[in-house]
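Trainee: Chains A and B supply the protein sequences, listed in that same order. With my numbering applied, the first sequence corresponds to residues 1 to 343, in that order. With my numbering applied, the second sequence corresponds to residues 1 to 209, in that order.
Derived from the structure by calculation, the hints contain no laboratory data. All of these numbers come straight from a predicted model, not from anything done at the bench. Hints are not guaranteed to be accurate.
Subject to a maximum C-alpha distance of 27 Å in a straight line, what follows is the list of computed DSS-like cross-link-like pairs (lysine-lysine) [stated by the list, open to error]:
1) Lys82/B x Lys199/A
2) Lys152/A x Lys199/A
3) Lys260/A x Lys39/B
4) Lys302/A x Lys175/A
5) Lys69/A x Lys302/A
6) Lys148/A x Lys224/A
7) Lys302/A x Lys82/B
8) Lys172/A x Lys224/A
9) Lys69/A x Lys82/B
10) Lys199/A x Lys69/A
11) Lys260/A x Lys224/A
12) Lys199/A x Lys172/A
If you only want the chain A side, here are some residues facing chain B, beta carbon under 10 Å, derived [claimed, not checked]:
13) Thr26
14) Ala74
15) Asp143
16) Phe158
17) Ala315
18) Arg323
In this text, a Cβ means the ideal position worked out from N, Cα and C, and glycines have one as well.
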Amino acid sequence: MIALAVAALASAFAYVAGWITPQRLTSHRIVNALQDNSGVYPGYRRNHAKGVCVAGYFESNGTAATYSKAEVFAQGRTPVLGRFALPGGNPYAPDSSVPIRSFALRFSLPNGEQWRTGMNSMPVFPVATPEAFYEQLVATRPDPATGKPDPKRVGAFFAAHPEAGAFLAWVKTAKPSASYVTETYEGLNAFYFIDAMGKRHAVRWKVVPEATDDAGTGPQAGDKDYLARDLERRLAQGPQRWRLLVTLAAPDDPTNDATKVWPADRRVIDAGTLVIESEQPQESGPCRDVNYDPTILPSGIKISDDPLLPARSSAYADSYLRRTGEEAHIPGTAHASTPSEHP
Amino acid sequence: MNTPNAFHPLARLLHWTMAVLILAMLFIGVGMVSTVSGKHTWLLAIHKPLGALIFVLALIRLGVRLRFPPPPLPADMPALMKFVAHASHWLLYALMLALPLVGWAMLSAGGYPISLGGSLHLPPILSANGETFAWLRESHRYLAYLLFFTVLGHMGAALYHGLIRRDDVLPSMTFPSRGMAASAAPAPVIVTEPTLTEPSPRPDGAPPL
Chain A
1 MIALAVAALA
11 SAFAYVAGWI
21 TPQRLTSHRI
31 VNALQDNSGV
41 YPGYRRNHAK
51 GVCVAGYFES
61 NGTAATYSKA
71 EVFAQGRTPV
81 LGRFALPGGN
91 PYAPDSSVPI
101 RSFALRFSLP
111 NGEQWRTGMN
121 SMPVFPVATP
131 EAFYEQLVAT
141 RPDPATGKPD
151 PKRVGAFFAA
161 HPEAGAFLAW
171 VKTAKPSASY
181 VTETYEGLNA
191 FYFIDAMGKR
201 HAVRWKVVPE
211 ATDDAGTGPQ
221 AGDKDYLARD
231 LERRLAQGPQ
241 RWRLLVTLAA
251 PDDPTNDATK
261 VWPADRRVID
271 AGTLVIESEQ
281 PQESGPCRDV
291 NYDPTILPSG
301 IKISDDPLLP
311 ARSSAYADSY
321 LRRTGEEAHI
331 PGTAHASTPS
341 EHP
Chain B
1 MNTPNAFHPL
11 ARLLHWTMAV
21 LILAMLFIGV
31 GMVSTVSGKH
41 TWLLAIHKPL
51 GALIFVLALI
61 RLGVRLRFPP
71 PPLPADMPAL
81 MKFVAHASHW
91 LLYALMLALP
101 LVGWAMLSAG
111 GYPISLGGSL
121 HLPPILSANG
131 ETFAWLRESH
141 RYLAYLLFFT
151 VLGHMGAALY
161 HGLIRRDDVL
171 PSMTFPSRGM
181 AASAAPAPVI
191 VTEPTLTEPS
201 PRPDGAPPL
């Protein structure tokens, strides 16, 4: 009977850990699926592996403070540590291989609070749930024989997921940009702003570039890493700027579905200017060991009921532990070369 | 014989409160890192302030233990069993104090804000360093497994004392009876005594710990 009591508690623990239910979707399985698709590059992020660190500040104009009590929206400056990247797990992928770029930001507020966000240069996310995201990863896994996903499996996936229609329609005409700087980056997931009265407002945010030259002109022939060079060149000429725009939802707008845009007539507030002043390679830069978990939020911003958000948080944490473990050469992790050995 | 035959009521209150909190904490921890559902968010939000609370309670409990020494183990217990009992109790104390500190250090090294809810934040106790984070994060995991196994052993041993040996060990932490340890001097702990009263003075001659 004693053994039974102890075993029951131990089994409950194993169940909660997911050890006896391997079919349940866990952060570990999502990151494994990312690795299965791209391969393992020790020390690098399991997704958005290729990127560059940037730093600057956010200059709030105070407008958003009506809707969120977060200090970052009071008039003034907040330091920002960011990262531009390409989606996918291969840190050596050519910049022209995907038409999407991402921009992650960490705002450091004065009292120890942080606001972290990961945005992408696309209007909607392909799928609405972590389960569908996992299925998409499995369906788009490259066939070892051809090195490309099996079109039949990909077709079957998208046929079963009509919610991906808006993304597919966009991606059909999307072209890889020649610059990180000329892109609009969308937060995609909905959040709540909490105002000083405690009232919540459903929002989505994006950053819109001031520089629009070269937008959509496509890659430079023969250069796999043209984005980093373009960024270096532009920053040598001066800081680069984006407007931080916040869209306020109407009461019936979905907050739990990143595949759907909100109608274009929704109120948009201009919260201020994001200024990027410098860049550093990610292998040695300060963004390397930052996990851009989009659920790390200051008081005054809360996550919505979007099911992708907790899944992103959980999977990013798993990826973060794998890559920092590799950097630390923890036994059992893949061997990471020291940062200086990275090409 | 002047040593108490049961744990001080405050020690018992702390023991059972922390038993619930620590078990909950272990399940919250192992659940929140695996799940990708909405539970991840609120489990993570509970984990940090609960860890801080357990740390504070563990410090208080250590003080209570030093002030009110626990009852001795039954004299007829084999020496090895006594050694394991003492060692596992100190291991439990060590882990109750170490896990929250490792968690705090780990979040510091990861560059994370250490939120206890709302805008209440603890300061970092280490500078941000990914490699340090990884070591601390893995330590946090394996120390938590060790704590869970020690708790399982502790529970099994308590049941063994209560159901098989039927000695005074289990009642000394639950409901000590008046007649318990009849050879002892008048029991300092009265069964009907409410749990949270002024600590009764230490019986004369108790070891000055």
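Trainee: Decide, hint by hint, whether the structure agrees.
Mentor: Results for each hint:
Between the alpha carbons of Lys82/B and Lys199/A the distance comes to roughly 59 Å, so the proposed pair goes past 27 Å and is violated. A threshold of 27 Å between alpha carbons decides the hint, and for Lys152/A with Lys199/A the separation of about 48 Å lies outside it, so the pair is violated. With a C-alpha separation of about 24 Å, the suggested pairing of Lys260/A with Lys39/B holds against the 27 Å cut-off. At most 27 Å may separate the alpha-carbon atoms for a hinted pair to count; Lys302/A and Lys175/A exceed this at roughly 33 Å.
Under the criterion of a C-alpha separation no larger than 27 Å, the hint pairing Lys69/A with Lys302/A is consistent with the structure, at around 11 Å. With a CA separation close to 19 Å, the supplied pair Lys148/A and Lys224/A stays within the 27 Å bound. With a C-alpha separation of about 51 Å, the suggested pairing of Lys302/A with Lys82/B is violated against the 27 Å cut-off. At most 27 Å may separate the alpha-carbon atoms for a hinted pair to count; Lys172/A and Lys224/A meet this at roughly 22 Å.
For the given pair, Lys69/A sits about 57 Å from Lys82/B by alpha-carbon distance, which is inconsistent with the 27 Å threshold. A threshold of 27 Å between alpha carbons decides the hint, and for Lys199/A with Lys69/A the separation of about 10 Å falls inside it, so the pair holds. A threshold of 27 Å between alpha carbons decides the hint, and for Lys260/A with Lys224/A the separation of about 33 Å lies outside it, so the pair is violated. Between Lys199/A and Lys172/A the CA atoms are separated by roughly 40 Å; this puts the pair beyond 27 Å, and the hint is violated.
The interface hint given for Thr26/A holds, since its Cβ lies 4 Å from the closest Cβ of chain B, which is under the 10 Å cut-off. Hint on Ala74/A is violated. Least Cβ distance to chain B is approximately 13 Å, over the 10 Å limit. Here the hint on Asp143/A is broken, as its CB sits about 27 Å from the closest CB of chain B, past 10 Å. A distance limit of 10 Å between C-beta atoms decides the matter here; for Phe158/A the minimum to chain B is near 22 Å, and the interface restraint is violated.
Interface hint status for Ala315/A: upheld, as the beta-carbon distance to the closest one in chain B is roughly 7 Å, under 10 Å. Interface hint at Arg323/A: satisfied, since its Cβ lies 8 Å from the closest Cβ of chain B, which is below the 10 Å cut-off.
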